[in-house]
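Protein sequence lines, in the order shown, are assigned to chains C and R.
Take the first sequence: its letters are residues 1 to 101, numbered as in my numbering.
Take the second sequence: its letters are residues 1 to 178, numbered as in my numbering.
In case anyone wonders, no lab produced these hints; they're calculated from the structure.
Don't be surprised by glycine CBs; every beta carbon is placed ideally from N, CA and C.
Check the hints yourself; a few may be wrong.
[Stated by the list, open to error] Computed Cβ-Cβ distance ranges for the label pairs, DEER-style:
| hint | chain 1 | residue 1 | chain 2 | residue 2 | range |
| --- | --- | --- | --- | --- | --- |
| 1 | C | Arg86 | R | Val26 | 20 to 26 Å |
| 2 | C | Asn97 | R | Glu142 | 25 to 31 Å |
| 3 | C | Val69 | R | Ile149 | 19 to 25 Å |
| 4 | R | Gly34 | C | Leu89 | 25 to 31 Å |
| 5 | R | Ser121 | C | Asn97 | 21 to 27 Å |
| 6 | R | Ile115 | C | Val69 | 19 to 25 Å |
| 7 | R | Gly168 | C | Leu98 | 17 to 23 Å |
| 8 | R | Ile120 | C | Gly55 | 45 to 51 Å |
| 9 | R | Val170 | C | Met54 | 38 to 44 Å |
| 10 | R | Leu111 | C | Met54 | 28 to 34 Å |
| 11 | R | Val30 | C | Val66 | 23 to 29 Å |
[To be verified] In the DSSO-like style, the derived pairs of lysine-lysine whose C-alpha atoms are separated by at most 30 Å in a straight line are:
| hint | chain 1 | residue 1 | chain 2 | residue 2 |
| --- | --- | --- | --- | --- |
| 12 | C | Lys88 | R | Lys105 |
| 13 | C | Lys95 | R | Lys104 |
| 14 | R | Lys145 | C | Lys88 |
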Amino acid sequence: MTVPLDGYLMLGAALFTIGVLGVLFRRNVIVILMSVELMLNAVNLTLVALSQFMGDVQGQVLVFLVISVAAAEAAIGLAIVIAIFRNKLTVDITKINLFKY
Amino acid sequence: MVCRRQFDFVTLVPMLAQSLFILLAVVSLVASLGMLISRNPVTSALWLILTLFCVAGLYLTLNAQFVAVIQILVYAGAIMVLFLFVIMLLNLAALPRLGAVDWKKAVGFVLGTAILAQLISVIVTSAESPAVELSQTGTAVEIAKELFIRYALAFEVIGVLLLVATVGAVMLAQRKFV
């Protein structure tokens with residue numbers, strides 16, 4: 001095997017950090033949801049790499065479940081975004097403070 | 001004895017494995033940074049789709065064929081189409097540009113860098129890699145054996161979760177809900 005395990009783990013860490021920065025920096029709710037998807041993808045990559053290098057298939061079963069949960073999360077999140085957009089006519093996270101007062 | 005031809009990416013092209021990994025890693029990093037930087041949400045979504053395809057290619061270099069196919073079908077095929085559909089349904093323009101760098105952005109950048117440094121330090125100082133050879137456990141047969149026997153309850157619960165999510169999404173997106 002030419003590519004070591006650490007390469008995949010480093011790449012997963014970098015992708016996860018970019019997802020964190022997206023959640024912290026961006027103001028568009030939809031882009032924040034996409035950043036969450038990127039973070040889930042980074043964790044999936046780490047899980048698959050560890051699973052394959054340890055010869056254990058359970059990590060990939062976990063990845064299957066994570067992808068299913070990510071699909072459900074995206075559907076619910078986008079439905080909430082549509083419901084909020086009907087009222088406030090914006091997707092700016094700094095203007096959506098329904099619970100603040 | 002069932003003879004099964006198996007698509008084994010790494011032994012098929014052993015010379016290309018490392019260069020392919022580097023190529024996919026660089027492209028996925030650049031694409032995710034493009035998602036982070038670009039101001040138009042449609043552009044962000046397209047960059048994210050490129051990232052997801054690169055991660056699927058990385059799964060192939062790990063011999064995880066089933067997860068790679070699922071990644072392309074579910075993520076790039078279903079979830080990102082949903083994102084693009086909502087972006088175009090809401091007819092979003094780019095948000096107005098922010099002013100100077102405020103303390104929130106500085107704190108966010110420091111936090112993100114701290115997370116990256118922590119993850120990398122954990123990876124570097126951890127023990128040796130557990131195995132040298134890649135295992136051949138990425139096919140749908142191997143995963144189905146685990147998923148339908150040992151994790152059958154989790155599989156059923158995921159089915160119920162998707163049903164609840166579908167009903168909830170339809171209910172939330174109805175006009176008279178809010």
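Subject >> Assessment of proposed distance window 17 to 23 Å (beta carbons of R/Gly168, C/Leu98) >> reply: Hint holds: Cβ distance 18 Å, inside 17 to 23 Å.
**OP:** Can you let me know if the beta-carbon spacing of R/Ile120 and C/Gly55 is within 45 to 51 Å?
**Re:** violated, 25 Å
**OP:** Given the hint of 28 to 34 Å, check if R/Leu111 and C/Met54 actually sit that far apart at their C-beta atoms.
**Re:** Taking Cβ atoms as reference, R/Leu111 and C/Met54 lie about 31 Å apart, which means the hint holds.
**OP:** Note whether the CB distance of R/Ile115 and C/Val69 lies within 19 to 25 Å or breaks it.
**Re:** Roughly 22 Å apart at Cβ, these two residues keep to the hinted range, so it holds.
**OP:** Just tell me: holds or violated, for the beta carbon distance of R/Ser121 and C/Asn97 against 21 to 27 Å?
**Re:** violated, 37 Å
**OP:** For the range 23 to 29 Å, tell me whether the beta carbons of R/Val30 and C/Val66 fit it or not.
**Re:** At roughly 25 Å between Cβ atoms, C/Val66 and R/Val30 fall inside 23 to 29 Å, so the hint holds.
Original post:
Between C/Val69 and R/Ile149, is the Cβ distance one that fits in 19 to 25 Å?
Top reply: holds, 21 Å
Subject >> Restraint status (C-alpha distance of C/Lys88 to R/Lys105 at most 30 Å) >> reply: holds, 25 Å
Original post:
So does C/Arg86 sit 20 to 26 Å from R/Val26, Cβ to Cβ?
Top reply: At 41 Å between Cβs, range violated.
Original post:
Taking only the CA atoms, is the gap from C/Lys95 to R/Lys104 under or equal to 30 Å?
Top reply: Holds, at about 16 Å.
Subject >> Whether the CB-CB distance between R/Val170 and C/Met54 falls inside 38 to 44 Å >> reply: Distance hint for R/Val170, C/Met54 holds at roughly 41 Å.
Original post:
Would the pair R/Lys145 and C/Lys88 pass a check requiring their Cα atoms to be no farther apart than 30 Å?
Top reply: It is violated: about 49 Å lies between the C-alpha atoms, which goes past 30 Å.
Taken one by one, the earlier hints fail for this structure at numbers 1, 2, 5, 8 and 14, listed in ascending order.
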